[in-house]
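Between the sequences and the hints, there should be enough to build the whole structure, so can you do that?
Taken in order, these protein sequences are the chains called A and B.
Using this note's numbering, the first residue of the first sequence is number 1, and each one after it goes up by one.
Using this note's numbering, the first residue of the second sequence is number 1, and each one after it goes up by one.
Worth flagging that the hints you see were computed from the coordinates, not collected in a lab.
A virtual CB, placed ideally from N, CA and C, is assigned to each residue, including glycine.
It is possible that some hints are incorrect.
What the hints assert, rightly or not - Think about it this way: if two alpha-carbon atoms lie no more than 27 Å apart in a straight line, the pair counts; the simulated DSS-like pairs of lysine-lysine are:
(1) B:LYS56 to A:LYS578
(2) A:LYS579 to B:LYS30
(3) A:LYS165 to A:LYS578
(4) A:LYS585 to B:LYS52
(5) B:LYS263 to A:LYS625
(6) A:LYS501 to A:LYS618
(7) A:LYS585 to B:LYS269
(8) A:LYS503 to A:LYS363
(9) B:LYS269 to A:LYS618
(10) B:LYS55 to A:LYS578
(11) A:LYS363 to A:LYS579
(12) A:LYS511 to A:LYS29
(13) B:LYS52 to A:LYS618
(14) B:LYS269 to A:LYS625
(15) A:LYS579 to B:LYS55
(16) B:LYS55 to A:LYS585
(17) B:LYS263 to A:LYS579
(18) B:LYS30 to B:LYS52
(19) A:LYS363 to A:LYS618
(20) B:LYS52 to A:LYS578
Stated by the list, open to error - A partial selection of chain A residues facing chain B, derived with a Cβ cut-off under 7 Å:
(21) ILE464
(22) PHE477
(23) SER577
As the list claims (entries may be wrong) - Covered stretches of chain A, going by a simulated chain B footprint (3 or more residues, C-beta under 8 Å):
(24) 481-493
(25) 580-586
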Amino acid sequence: MSSVPIVPFLIIFPMVIALVMLIIPLGDKANRVRNAIAYISCIAIMAAVAVLVGLWVAGGTRPIALYQEGMELADNATLVGEFILMIVAVFLSFKYHKCWISIFSIVPTVAIAWLEKSGYIQHESPRIYIDHLSILMCLIVGIIGSLIVIYAVGYMHGYHHYLHKRVQDRRNYFFMVLFLLLGAMFGLVLSDSLTWILLFWETTSVCAFLLVGYTREPVAVRNSFRVLWMNLLGGCTLTTGIIIFAAATGVNSLSGLTAFAELKAGTPEEGLAVIPVALIAFAALTKSAQLPFSTWLLGAMVAPTPSSALIDSATMVKAGIYMLFRLAPAMHETATGNMVAFVGGFTFLAASFIAIAQSDGKKVLAMSTISNLGLMVACAGMGTPETIWAGIFLMIFHAVSKSLLFQNVGATENSLGSRDIENMHGLLYRLPFLAFCMFIGIAGMCMVPFGMLISKWAVLRSSIDENDIIMTFMVVFGSATTSFYWTKWLGKLIAQTNEPKVKDITKPNEKISISIHAVLMIALCVLMPFLTKVYVEPLLGELFGTTAQVIPTSVLYLLVFIIVFFFAVPIISYAFSKKMHANQKLSYMSGINTGSNDGFTNSFGNETKLQLSNYYFKNVLGIRKLMIPCQFITLSVLIVMMAMIIGGAF
Amino acid sequence: MSINTRIILAVCFIVLAPFVGGFLEGCDRKISARMQRRIGPPVLQPFYDVTKLFKKQYVVVSRSVHFLLVSYMSLMILTGAMLFAGTDLLMCFFVLSTAATFLYFAAAVTNSPYTTIGAQRELIQMMAYEPAVLLTAAGFYVAAGSFNTADIINYDYSLIIKMPGFFFAFVFIMTIKMRKAPFDISTSHHAHQELVKGITTEMSGKNLGIFNITEWYENIFLLGVVALFILNKNPWSILAAVIVILLVYFVEILIGNSNARMKWETMLKMTWLVTLLSAGVNLLVLMVIK
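Structure representation (structure tokens):
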């Protein structure tokens, strides 16, 4: 296969559509046209991903390297792209009087332009490299990302008509950024050229910044600049890493970097790869919102829900994880690996504590995203086939489940008028469809047969194998707190209530997207043992060059058994309990139940409404209490470790 | 262990565990009564009670409680069967925590105040004991080189020699799991004052019967894990295991009868501290000498 035109199509088509989205004016009629184009483009993107997968399978699922020679034009185009991004970032930072941020954009852009023109890059390497990992990322971005855009069409209508009437309607701009982000993500996961990766990396940063600032309210503007500077800081270290590596070896490819690092491990030339790997890993930590940079992701929650879903589940944060997975073989048992693993493990633990104290649904999702990303980062940092296996499944399940939950909480908010978990009491009887899907999404994050648990199994095993006692503690305690905050949310959903049903104003397209996610979630769970065999083990073979079986067959069989058991038992017993003749009675309230289970007679003889609430421990575990100490710890670890790595390399 | 032995052991657990568990509870009540200078009920009283519960009229607050409790029981049986079939210990514990989640659902679904508070406390209990439970599995993995209980019981000597800290931490959290004072905060076997019957307030008749039987299964499972610390290649270790199990059970009864109920905050802090200091330090030592 000499050329695969579907690859440039995947990257360029969303960007073209982005322009189209911007050009179509606002107004009811034009909106309808834009919506139609958005639907068609999403389907086209999914079809294109399917074609790419088809071609790749037809080629025997072997890695495909493309575009090695004669790419000056495309290279120049990436430079132009870099400069456009710089202009946007600089213009907006000056407009909102945050001039200092522009330095983070100007310096790397100029530096990378200098690198391209300086002639340091001697070896022409393929610009595009497609293997199991890129295909997996394409599937996540293509399917989940497109579904989120489909959902966004309906959601943004409700957003401007019901919830936020005062916010200026800039949907053309919103959809432009969404498509831009999709295109950039495809570019990022398909590219092997480091300068190309940098362009797409910076594009996702700027897109996230633009999405968070959508409403232009003061808090949104403030948070959006936090997104911008933290991500651009990562861009700076990424650029530095690329330049150092290219200047030292003349190579400009990610696969070249990992191969070099593995080859030279233990030799005097080791230092040449160690510093770039450390710098790129640092950049990935900022992008994946690890402590101390987690605050950008929390701030990003002010954006409309589809953008939170896109940033948190399918695209932005996964870019950092993707880079770390690529670097994982080079990080195994190095100081960088230890640094990354510690920061990830610590973030997993700390964020899960903070999540306990949140009652705002979206904040719980944000904290749990940070926490789960922490576990994935820790997997990458440990860098053994087993942990990457766990990390891959965490990533898949997390993408589907979080995308489902964000969309669901957004739709619930539109109907219920609140996204506070306390207001979701008895949601299963008030908004049955949404609550049911929410239940599946949460179960996917914390209950047995779904991916999280088996992944924790693998992580725990490898951290013991690696003799890493701190990681073992963090996983063990983090897993206890994680179950706590998810389970108490589930309890809220199913509690009986006499509150009236809520009118479900969820649009059909939102429902379609949510149901597909729910089905996908269950299908993934059932297919997991199968996916391990046919997909994830070859993927690990490509990354590590070994084809060893990571998960023992006995465990896989056990898992199949548990999955069947887990689904069969509640369903069968539910069917039986339906038929049983029961004598329904009031719940026990020491004899002062007013007769409908939702109130009691107080000591004055008046009726008081019964309100049940969950534990949150806000005064012990709140963001204000824990965030700054945790940031302080991780920041000091990062500074000390980076200094040691860079100093040790000379 | 051959596949036949595994199946036989698992089936033995499924069939015999409720009888042994019920019998042990009968002894518990008798011994507790003697400690309090009462005569106490006959040893077979728990069986009379459960039989009677199943004959009662089926009264519910919420119809969903039943299927959730049945799921709770089934998952608990699966947990125990997995343990006795010699499979992966860590997986057993994961299934155990899912089983406990179903108990939480069965309570939360009723929307009754006492049950809900009991359920919330049950969640806190889960959060308190889970680190110790997972670390115990980790300890066995470091000490015996495998998560499989079949390999653990075929070790050259009793693993308690290597893992005294884990043993202490596990017995400590067993007090929570067996709902003994001072940690009987979500529900208790005795008349409960502040929360009525806590998480089981709205369970009656059949449902309460299922709950009781599940408790028996759970106790046998926990005692099975205790046996893992003792069992080794030598067949005589079975006798030693039985003696240790009975001792542990007696100690739990003694603790239960000589303590007053604690606040959940104290429970959480104490449990995590014990987990870190006892199991954690033991794990550190094991990793260093490995």
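Tested hints:
1. B:LYS56 to A:LYS578: Status holds; Cα separation ~19 Å.
2. A:LYS579 to B:LYS30: violated (39 Å)
3. A:LYS165 to A:LYS578: violated (45 Å)
4. A:LYS585 to B:LYS52: holds (20 Å)
5. B:LYS263 to A:LYS625: holds (23 Å)
6. A:LYS501 to A:LYS618: Cα-Cα ~30 Å, so violated.
7. A:LYS585 to B:LYS269: violated (39 Å)
8. A:LYS503 to A:LYS363: OK: A:LYS503 and A:LYS363 at ~25 Å, within 27 Å.
9. B:LYS269 to A:LYS618: OK: B:LYS269 and A:LYS618 at ~17 Å, within 27 Å.
10. B:LYS55 to A:LYS578: holds (19 Å)
11. A:LYS363 to A:LYS579: Violated - the C-alpha atoms of A:LYS579 and A:LYS363 are around 41 Å apart, more than 27 Å.
12. A:LYS511 to A:LYS29: At roughly 23 Å apart (the allowed maximum being 27 Å), A:LYS29 and A:LYS511 satisfy the hint.
13. B:LYS52 to A:LYS618: violated (45 Å)
14. B:LYS269 to A:LYS625: holds (18 Å)
15. A:LYS579 to B:LYS55: holds (18 Å)
16. B:LYS55 to A:LYS585: Given pair B:LYS55, A:LYS585 holds - Cα atoms ~18 Å apart, limit 27 Å.
17. B:LYS263 to A:LYS579: Violated - the C-alpha atoms of A:LYS579 and B:LYS263 are around 41 Å apart, more than 27 Å.
18. B:LYS30 to B:LYS52: With a Cα-Cα distance of about 20 Å, the restraint between B:LYS30 and B:LYS52 holds, given a limit of 27 Å.
19. A:LYS363 to A:LYS618: Within the cut-off at roughly 13 Å; holds.
20. B:LYS52 to A:LYS578: Answer holds: B:LYS52 to A:LYS578 is near 23 Å, not above 27 Å.
21. ILE464: holds (6 Å)
22. PHE477: With Cβ-Cβ at 5 Å, under 7 Å, it holds.
23. SER577: Since the shortest Cβ distance to chain B is 4 Å, the answer is holds.
24. 481-493: Check passed, 8 qualifying residues.
25. 580-586: Three-residue rule met by the stretch 580-586 of chain A, so holds; n is 7.
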